[in-house]
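A.B. asks: The chain contents come next:
Protein chains: 2
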Amino acid sequence: MSRIVQKFGGTSVADPERIKAVAQRVKRELDDGNQVAVVLSAMSGTTNQLVSYVEEVTPKYDPKEYDAIVSTGEQVTIGLLALALQNEGINARSWMGWQVPIHTDGVHGKARIERIESEELDRRMNNGDVPVIAGFQGIGPDNRVTTLGRGGSDTSAVALAAALGADRCDIYTDVDGVYTTDPRIVNKAQKLDKITYEEMLEMASLGAKVLQTRSVQLAMKEGVRLQVLSSYTDEPGTLVVDEDEIVEQAVVSGIAYSRDEAKITLVGVSDKPGVAARIFGPLTQANVNVDMIVQNVSEDGRTTDLTFTVTRADLRHACETLEGARDEIEYRALISDADVVKVSVIGVGMRSHAGVAQTMFSALAERGINIQVISTSEIKVSVLIAEEYTELALRALHTAYGLDSE
Amino acid sequence: MSRIVQKFGGTSVADPERIKAVAQRVKRELDDGNQVAVVLSAMSGTTNQLVSYVEEVTPKYDPKEYDAIVSTGEQVTIGLLALALQNEGINARSWMGWQVPIHTDGVHGKARIERIESEELDRRMNNGDVPVIAGFQGIGPDNRVTTLGRGGSDTSAVALAAALGADRCDIYTDVDGVYTTDPRIVNKAQKLDKITYEEMLEMASLGAKVLQTRSVQLAMKEGVRLQVLSSYTDEPGTLVVDEDEIVEQAVVSGIAYSRDEAKITLVGVSDKPGVAARIFGPLTQANVNVDMIVQNVSEDGRTTDLTFTVTRADLRHACETLEGARDEIEYRALISDADVVKVSVIGVGMRSHAGVAQTMFSALAERGINIQVISTSEIKVSVLIAEEYTELALRALHTAYGLDSE
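Just so you know, the protein sequences line up as chains A and B, in that order. Take the position in the first sequence, starting the count at 1, then add 667; the result is the number in my numbering. Take the position in the second sequence, starting the count at 1, then add 667; the result is the number in my numbering.
Chain A extracted, bound-state conformation:
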């Protein structure tokens, strides 16, 4: 007997027919002798419809009311799934965030879960009942509905799995697992049976949109075994687990990329102590996140060039901020470029293997791909290259690290 939390996203509960299919999947786990709790998102499309109502009513909105409105989507799907399960003879009931309750902080629109009162759910699961819980929502200290922000339902599922001491948290999506790289670009990409939390975290934050970063962080912290799998097939998916659960660890597990990058170069910045603070201070104040940073060696001893990346959405705002602060920063020219992509190789095996970065640089050099910026961490190497080389770079690296399927 295992205790499992199953989470189904918006496309898996898109209409009454799909909801009935989810009920069958829950029933199969029960028939195998397992205890099951289910976490659901809203029907795909519902949240967008509700957001568009909000935008039609008012340009600026109170996040408290926004939360009250958008949280209705999950309330509908959990009620419908509870009914579909009851129709299969299963004792099921719906639980809204305030009913569990799932206590969050009061930051409406992007609340964090603080505590889950899971005793009643626990008792019912021991009884063979199936709690169907609204993802994405909780209740704040002010007794109002809060939502967890983008991808919040994954986080709800992991937090519930931790609170309920679940053996596994299965995240059902429209892909069947985590791949060595994007299979739409590299047709020799392979589905991974297992991946470590840290690698998954890097993959998620570097643009592999399978799991939401926050949910992986929480799973790692709480030691929740995650499985990513498809609600359309019966194949096993990818397990996200601790490093010590993976016996033969590849040096590089996956190659991620993100097109959501833009590069800014400040030319001829005076090379004096405090220059970085003068540049990044105004950007921080303007709420612009800076990612990769490279400071060139000063050639004349007086000025230098400084390159860094921001998200494409922030590019314009970042440039305006820097132009506004030109007098304080003192630079000769500002050059921006949105046609860049960040490519990263990721693997916990890097810790014990040298030469991983060198393999990357060689593979890219052989294809004549120029590296604009490099950044590294313990388990990844990222490079910024011109966007037009994305596919070429991914295929070259996938082969160079021996990840191609036969």
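Do not rely on the hints blindly, as some may be mistaken.
Stated by the list, open to error - Simulated crosslink set (DSSO-like; lysine-lysine; CA at most 27 Å straight-line):
1) B/K861 - B/K694
2) A/K876 - A/K888
3) A/K687 - B/K727
4) B/K876 - B/K777
5) A/K727 - B/K687
6) A/K694 - B/K727
7) A/K727 - B/K694
It is worth saying that the hints were derived from the structure and are not from the lab.
With the hints as your guide, set chain B onto chain A.
C.D. replies: Frame of chain A; chain B shown alone:
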């Protein structure tokens, strides 16, 4: 300064544009120096959509889950109106049933309000804030969402007006008040400035669909002054008040009709004590409500005929029940007729005026309209006639009682 509860139905909040118009109406009451609380229904169409989801998922449904699902409609509109009001610079927030809380009994799908904790709303209204409260819903003893059943939002509004000690409860609808009779049939029908609770109750239960019967009962019991008015115009509507507030009371205030009637006659029933119990016992058990009843004088001293009415929806079920109980009841024949209409003249003035029924019988006789069944109460006279005479009868009676406009 008055304290007013405003209730807007589904067509008044059908889309974001209409919701912004509602915000303007609320603002006008505030600008006049009044305190306002608002009660809303779901957008028209939303509840039907949600019910159709339920029916697609399962043929029989758990009313607890049904309530969780359908109560989302009001949750959306109250959030949107709160935003629209904030956009006008008004301190407004949404309140779901469980947040107020509005305590109900546990009869899901048709719960009754038991108690409203209105202290916080009261405090905020004194502060000039506008609470926007979800109609139709409350919370049951099991901490789950309950709904009040058909027309429940009117009842929510009246119950809140009573709890908040409001000076008036304004029910905004798509008609501009209560008329002496259906203006679509009688073009000389007049809008009433005032009507008593008792008359309104008879009008409502006799088919004038302006207000839900339960809400009028509650208003009468709690002494809440009701106003029925249009959300499309700025005209005053009809006030529903105590009899002593109406100085010049007409003998007859209005003429109502209901097509939702069917007639059953049992011919040759043995005329012995206990015959009524033998007939209506099985119907009660079969959940069929019987309305008008007439028992003929027995001609031969041994058998009699018995005529009564049921709703059209119940007709078939009632006939099957009576046929199944034929041996116990003992009757010669069963005749049913769905082509009938009940026409009623209503007025508290009848208490002190004789001849009201006679005027009705004469007016109908003059047009050659045969009366099939008659029933009377202290303030109304109802007759059952063939449906084809509906319009003719309404116009004749409207003139006979001096209700025609000039």
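A.B. asks: All the hints need checking, so say for each whether the structure fits it.
C.D. replies: The hints, checked one at a time:
A hinted pair counts as satisfied when its Cα atoms are at most 27 Å apart, and B/K861 with B/K694 qualifies at roughly 26 Å. With a C-alpha separation of about 20 Å, the suggested pair A/K876 and A/K888 falls inside the 27 Å cut-off, and the hint holds. Note on A/K687 and B/K727: the hinted pairing holds, with a Cα-Cα distance of about 14 Å set against a maximum of 27 Å. At most 27 Å may separate the alpha-carbon atoms for a hinted pair to count; B/K876 and B/K777 meet this at roughly 19 Å.
A threshold of 27 Å between alpha carbons decides the hint, and for A/K727 with B/K687 the separation of about 14 Å falls inside it, so the pair holds. This hinted pair checks out: A/K694 and B/K727 have alpha carbons roughly 19 Å apart, not beyond 27 Å. A C-alpha spacing of about 19 Å is found between A/K727 and B/K694, which places the hinted pair at or below 27 Å, so the restraint holds.
Consistency note: the structure conflicts with none of the earlier hints.
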